[in-house]
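Student: Sequence:
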Amino acid sequence: MKAKKTHLPVYGVGPLYGVVIIGLTVLWIVSSAHNRIPVIRYKGASVIMLIAGICLIICGIYLWYAAVIRGKIDDGILNNHLVTDGIYAKVRNPIYSAFLFACTGALLIYGNILLLFLPFFYWGF
Numbered sequence: 001m002k003a004k005k006t007h008l009p010v011y012g013v014g015p016l017y018g019v020v021i022i023g024l025t026v027l028w029i030v031s032s033a034h035n036r037i038p039v040i041r042y043k044g045a046s047v048i049m050l051i052a053g054i055c056l057i058i059c060g061i062y063l064w065y066a067a068v069i070r071g072k073i074d075d076g077i078l079n080n081h082l083v084t085d086g087i088y089a090k091v092r093n094p095i096y097s098a099f100l101f102a103c104t105g106a107l108l109i110y111g112n113i114l115l116l117f118l119p120f121f122y123w124g125f
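Using the numbering used here, you'd call the opening residue of the sequence shown number 1 and step up by one each time.
No lab work stands behind these hints, which were simulated from the structure alone.
Computed from a predicted structure; not experimentally measured.
Every residue gets a Cβ at the ideal spot worked out from N, C-alpha and C, and that includes glycine.
A few of these clues could be false.
Estimated spans, in silico, between C-beta atoms of each pair [claimed, not checked]:
1. Gly-23 x Tyr-62: 21 to 27 Å
2. Ile-61 x Ile-113: 22 to 28 Å
3. Asp-85 x Ile-40: 41 to 47 Å
The whole structure should be built from the sequences, with the hints applied where relevant.
Tutor: In structure tokens form, the structure reads like this:
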């Protein structure tokens, strides 16, 4: 008997990862904004954090665009083909990286230094 050829799921755990880290980012920023957790800001770094945050969000958007739109990852999965060109030649998981960069950028823009532990959690998650 021939084994039935199957392909990877189109979405996998990616949407769960995105929802969790976006949800945590929003939850912690809102909690901080409503003084549920302490707010510590370093005024000397506020402009630098703002610029870095904007750059990270732009990088995240670019990574997502390069992976999903230009890289056509869905077509690769449906055709049971490993995508190794384009952004996938440079980054192993560009969609996860895109969410990580964008959420880290949002945290930097908000500017509460206490929230900067979250990107390490996102990376480990």
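Student: Please name the hints from earlier in the document that this structure breaks, with their numbers sorted from lowest to highest.
Tutor: Hints that this structure does not satisfy do not exist here, as all of them hold.
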